[in-house]
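All residue numbers for the sequence shown refer to my numbering, where the first residue is 160 and numbers rise by one.
Keep in mind that a hint or two might mislead.
Stated by the list, open to error - Across the chosen pairs, the derived CB separations fall in these ranges:
| id | residue 1 | residue 2 | range |
| --- | --- | --- | --- |
| 1 | 265 | 242 | 37 to 43 Å |
| 2 | 219 | 192 | 35 to 41 Å |
| 3 | 203 | 231 | 15 to 21 Å |
Hints are computed from structural coordinates only; laboratory data are not their basis. Note that the Cβ used here is the ideal one computed from N, Cα and C, for glycine as well.
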Amino acid sequence: MLASSLLLLAGCAAPTGATIPLEISEADIEEAEVPSAALAALRDEAGGRAFDSLEREDRGAYVAYEAEWLVDGVEFEATVLADGTLIETGRELTAAEMAALPSGVRARVAELEAEGMEVEVGERAF
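Throw the hints in and build the complete structure from the sequences for me.
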């Protein structure tokens with residue numbers, strides 16, 4: 160998703176004052192490659208749903224793990240550190256949410272999607 164998505168975020172600073180940057184690079188991985196604490200946290204966020212994808216993200220001094228899953232046809236995702244600390248959550252915009260956006264925002268989203276970007280609602284959890 161690095162080159163193909165735009166995540167609308169709220170919040171940026173970790174409680175310690177450290178900033179965890181957005182991903183520099185990412186790679187698809189298997190569940191066996193995810194540290195147990197990270198996998199448990201991702202499973203908890205997904206409510207036990209099967210993952211559609213798992214990725215390992217290089218975030219400079221940090222390594223993060225992202226999972227994606229579907230709920231009623233809407234894609235959700237969560238990103239955690241190796242110790243299971245939740246750092247981001249996100250989901251696709253529903254058709255009703257898109258319709259409720261101001262026209263200028265809808266136009267910009269349409270432009271980004273025409274360029275191959277994916278626009279999501281997201282929140283940084285730290």
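Would you say the C-beta atoms of residue 219 and residue 192 sit inside 35 to 41 Å of each other? Given a distance of about 20 Å, which is not inside 35 to 41 Å, the answer is violated.
Given a hint of 15 to 21 Å, does the C-beta separation of residue 203 and residue 231 actually sit inside it? 19 Å, holds
How does the Cβ-Cβ distance of residue 265 and residue 242 compare with 37 to 43 Å: does it lie in that range? This hint holds: roughly 39 Å between Cβ atoms.
Hint 2 alone, counting from the list given before, is not met by this structure.
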